[in-house]
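Participant: Sequence:
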Amino acid sequence: MDFAFSDGVALGGECRRVAGEEVAAAISRLADFHEDPDLAIHEVRKHNKRIRSVLLLSGSALDPDDLARTNRLVRDAARLFSGARDAFVLQDTCDKLAARFPEDAGDVLHLLQKVRDTFAERHAACLHDRELPGKIARACEHFREAGENIARWDWEQVTREEIFRAILSHYQRGFSDFETARRSRDPEDCHDWRKRTKALSYHLTLLAPLDVEGREGVEKQALAAGELASSLGEHHDLAVFEEAVGEGVDRGVFPEAARLLPALAAKRRDELEEGIFASGRVLYRDFAPSLRRFLHCLLAGMVMICVGGCESFLSPD
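The sequence shown begins at 142 in my numbering and counts up one residue at a time.
Hints listed in this document are in silico derivations from the structure and should not be mistaken for laboratory results. Treat the hints with caution; some may be incorrect.
Said to hold, decoys possible - Calculated lysine to aspartate or glutamate pairs in the EDC-like style (CA-CA distance at most 20 Å, straight line):
id: 1; residue 1: Lys-190; residue 2: Glu-375
id: 2; residue 1: Lys-237; residue 2: Asp-204
id: 3; residue 1: Lys-255; residue 2: Asp-233
Turn these sequences into a full structure, and let the hints steer you where they fit.
Facilitator: This is the structure in structure tokens:
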């Protein structure tokens, strides 16, 4: 089934179903890892993030220690492949910079290719590592154990109220991270904001089928949050690229790159920031009333919840 809640059923049970399906999909992808390793790593990371986004929705209803252990299992399963993934992304960043700034010919493109070749060697070494089969097996075991935990928990305790409270709480934290990143423009602050935005994209994707008439634009904002998270991801990749080039310069691998490539990456980050913060304002300010109204209608009234400094009254009967 799709990564989405079904209408008319208990949402606690839907959390169990959706998370369980993501676990099964991750294990299935790992079983076919060698057919396309880079795609497998990408998909496993996606399933990891989706599972963890669902775990965020349990609020205080489930045992926090169990949740923390399961979250670590899923996170660590994906991290087993971080070396190959990071090297692949660095290559991709070189390609994107070359495509975005074709006018910077000559030395810059030559340097990009040279740096890219170094990252490609690193990537190939990761995929031919003799320990890779063991990492795949460990990742499968981590996901299996996480799946067993998810299946045995009493998700009936996770009510609609609990889920909606969690969504609003994480939305508010995303708003706070947006404001911090907007003020600082620091890559690490933007990366923290990106994590919240990615989780929000998954939460809104889960909720979208419940916006039956589409009046509150939940599906549209789910897509917008996903696109914003992708742009923030590229922003972070560029910062990592600058750091990797600097480390290479320190080791004498490509000293001539220090002068030109970080400036090119910073130029692209500046470009991205124009759209990133404009999109953030729409998602975390303009959309807030619609999200509060949508959850109010779904819940049919319960408590006063504060989001981004604005109160959402879910009034008692």
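Participant: Going straight from one Cα to the other, do Lys-237 and Asp-204 come out at no more than 20 Å?
Facilitator: Not satisfied, since the Cα-Cα distance of roughly 44 Å exceeds 20 Å.
Participant: Under the criterion that the straight-line Cα-Cα distance not exceed 20 Å, is the pair Lys-190, Glu-375 satisfied?
Facilitator: holds, 17 Å
Participant: When you check the alpha-carbon spacing of Lys-255 and Asp-233, does it fall within 20 Å?
Facilitator: holds, 13 Å
Hint 2 from the earlier list is the only one contradicted by this structure; the remaining hints agree with it.
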